[in-house]
Each structure stands twice: as C-alpha cells, then as structure tokens.
Amino acid sequence: MRGCGGQRMERPGHTLQTTALVNEAYLKLMNHAQVDWQNRAHFLGIAAQLMRHILVDHARGLCRGKQGGGAQHLPLDEGLVFSPRKSAALVALDDALIEFAKFDARKAKVVELRYFGGMSVEETAEVLGVHPNTVISDWSLAKIWLKRELSREAARNAG
Amino acid sequence: MQADLWKKVEELFQAVQAEPPDKRADFLNQACPDDPEVRAEVQSLLDAAPGAASFLDSSPLSSALTPGAKLGHFEILGSLGRGGMGEVYRARDSRLKREVAIKVLPVSFARDPDRITRFEREARAVAALNHPHIATLYEVGDHEGSPYLALELVDGRPLKGPLPVKQAIEYGIQMADALAAAHAAGIVHRDPKPANILVTEKGSVKLLDFGLVKLAEQEGAPAWRARQATWHQSRSKARRPTRAAISSPSAAPCTNC
Chain A
1 MRGCGGQRME RPGHTLQTTA LVNEAYLKLM NHAQVDWQNR AHFLGIAAQL MRHILVDHAR
61 GLCRGKQGGG AQHLPLDEGL VFSPRKSAAL VALDDALIEF AKFDARKAKV VELRYFGGMS
121 VEETAEVLGV HPNTVISDWS LAKIWLKREL SREAARNAG
Chain B
1 MQADLWKKVE ELFQAVQAEP PDKRADFLNQ ACPDDPEVRA EVQSLLDAAP GAASFLDSSP
61 LSSALTPGAK LGHFEILGSL GRGGMGEVYR ARDSRLKREV AIKVLPVSFA RDPDRITRFE
121 REARAVAALN HPHIATLYEV GDHEGSPYLA LELVDGRPLK GPLPVKQAIE YGIQMADALA
181 AAHAAGIVHR DPKPANILVT EKGSVKLLDF GLVKLAEQEG APAWRARQAT WHQSRSKARR
241 PTRAAISSPS AAPCTNC
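Keeping their order, the protein sequence lines are chains A and B. One point on numbering: in the numbering used here, the residue at position 109 of the first sequence is 109, and numbering is uninterrupted. One point on numbering: in the numbering used here, the residue at position 82 of the second sequence is 82, and numbering is uninterrupted.
Just chain A, same shape as in the assembly (with noise of 0.2 Å):
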C-alpha cells in the first residue's frame, strides 16, 4: 500500500509505522482476489476501508478487554497497542461514523478515506469522483458533526 503507484499515498504526518498491520490489510485485500479491481480509485476506497475495520476491531477488541477474535491475530506491537482512551475514542468514532453514514454517506465515507486511508484531499476526490472542494467542504463539516456527536456522547456518559 505504500507508495502504491509510485504516488503518495500519506498525508503529511500520517505514517503507517506498523508493518504488521500493512501486512494484515495486504494479506485480506490479496483474499478478495476473486474481486475485479475497476480502477485505482476502487482498490484505494477498498484499501481504507479495510485499515478501518482494522483498527476498529482491534480497538473494540481490547474495549471488551482481550485482543480481537479472528484467526489472524495481530502480534503486540506499540503502534497498535491503544491506550484505553484511544480504544474507546475511536470506537466511538466509528459509532458516529455509522449513524453519520446514514443520512450523509459521502461525507462519512470522506473521513474513512482521510482519516483511516491517511488520503490526500486528491486521492479522496479521485475515489469519490468529486471535485477536490467538495472533499475540502465534506471534511471541514463532517469533522464539526463528529466532534459535536463525539463531545455529547462523552457528556451522556459522565452523566
């Protein structure tokens, strides 16, 4: 997945430091063998789409207290081991970002593609066939919506 056709794949700031979890989101995607690749776009739409459930699933996994079920399991490794608030953040996340999902697809599948694909607001247009800003406007909402739905949810469990 790095430098996946020659181009960058990151944004700055956003490295995939663990090998191992390039190895296991490599070793999933290489399964969906059978699946017709269409275009670039649709191989990196997949790709973060996979680093997503990745990371969820780990994050749930160690919120239920134990390393995600699963036949591959992912060795400890620092970058992936999340603290507990890391586990709970992005489970929560990733909550908000299924109900988001439902009335707004686009803009949730915007944050997958930035947020867990690491994609330039580039490579997010090219995937979702829009222009640049709309990317640039989708994410700038969609981050506000989360951080207001995020901020709520942290409230109700205070309370």
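By construction, these hints were calculated from the structure, which means they are not laboratory data. Fair warning: there could be bad hints in the mix.
Computed, partial: chain B to chain A, Cβ under 8 Å [unchecked claim]:
no.: 1; residue: Glu10
no.: 2; residue: Gln14
no.: 3; residue: Ser44
no.: 4; residue: Ala49
Bear in mind that the values here come from a model prediction, so they are computed numbers and not experimental data. Ideal Cβ positions, reconstructed from N, Cα and C, are used throughout, including at glycine.
Dock chain B against chain A, hints included.
Chain B in isolation, oriented as in the chain A frame:
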C-alpha cells in the same frame, strides 16, 4: 437525522458561515423563520465549529506526543527519538523550571497491573539512587493509562569507540563506580550497551535506563532479546549481582564498538 433535513441544514450552514459573525443570528432568523429544528441544528454546528479544524488531524496510528502537550506539570518540547523502552521526549518541568527527559512506556504496560506494580517498585528503588554517573529518575507519572518517567536530561552523546586506553579506563572507573552504587542498592542494569551510556562534554559518563529495561520488555519480544536476556542471566546466577555481571559492562568502553 433525516437525509433531506440534513441537506437543508448543510445548505444553511454553508450560507451562514459566509456571513460575518455578528450578522449570523439575523441571517438565520431570516433564512428559516418556520423551521426551528433546522435553525437549532445549524446553530449547534456553528457552536461546535471552533477547534474542529484540528479534529482528526493526527492519524489513528500515531500515539506520539506533540510539542505543547502537557503531562501533569511537564510540557513536551519535542521528541528526542525512540529509546529501548518507547518514545523519549524533551520536556519542561513547569514547577521546577528545568528541562527533563520524558519516557513514555509502551501502552501494553497499562493492561498488566502486576507489571505496573513491579515497575513502580523498581522505579522507587532507582529514584532513590543519587549518583553523578547515573541519570537521575525524578518522577513517575501516568498518561492515558500508560506510565511515564521523568528523568534527568543528559546533554551528551552515546559512548562510541574505539577509545584511547587512558580514556577507556577513566570511563570504566566511572561506570564501575555507578554500577557498584546501584548494586549495593540491589539494582542491576541488565542492558549496559553503549547506547545507554552517554558521555557529557565535560567527559563525565552517565548511565541511562537503569534497572528498568528488563521490566519494560514485552511478552513475545523478538528472539534476539531472549538470547540477550539468557546471556545476561548466565553471567549472574542469582538476583544479586556477582562480580561477573559487574565486570562485563565495564568492558564496554574498551571494545571497538
């Protein structure tokens, strides 16, 4: 939230954002006089907007602390790199007005209460050590469920050979002195590699990561670590250090490393 309602909210939100802040209330009143739900939603989004730009800025994978982050009364200034036990940062103690090194330990620690207890016990023993050639441990704290150490910030470079004999002997004496003091307190370094030995400008040796490396090792650590641990164990049979354990680290400055 319904999709069509959300569309209205979004349109209005984009429009009102274009207005100067003092005109927004009027704009909203004019734009949706009969739609309190939409108005309320837009207003609450406007209220949530400040600070949202940096939300989701850091990758879910990154756990690094950035300059300005506060850990108790310490403020992170920057990264010093990655030590054997995790990330190391340069930080400022806001109370004592001095710079320190902060080591944040692997988060996997937070899941094992036994390890935390053992770690804190040994940290207390190390903190009691006060020796010119041992980097002092000032404090242990907690950051998001993971322990961190505040240590003496040593301005020096890792020990690097080859060294002229006289200098090697001098460093060797300093280190043996430090190790003897630690051993007297029942603490064994267990990882006296050149990277853990800094030499200051004044030619003074400082030992780092004292007595804590072994505890910081994770389960299932790579094979070479296991071999290294066995090697150390075979050198010192009992928990209390023997002469063999003391003499082997002081060989470090003499080798061509």
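Just pull the numbers of the violated hints for me, sorted ascending. No numbers; nothing is violated.
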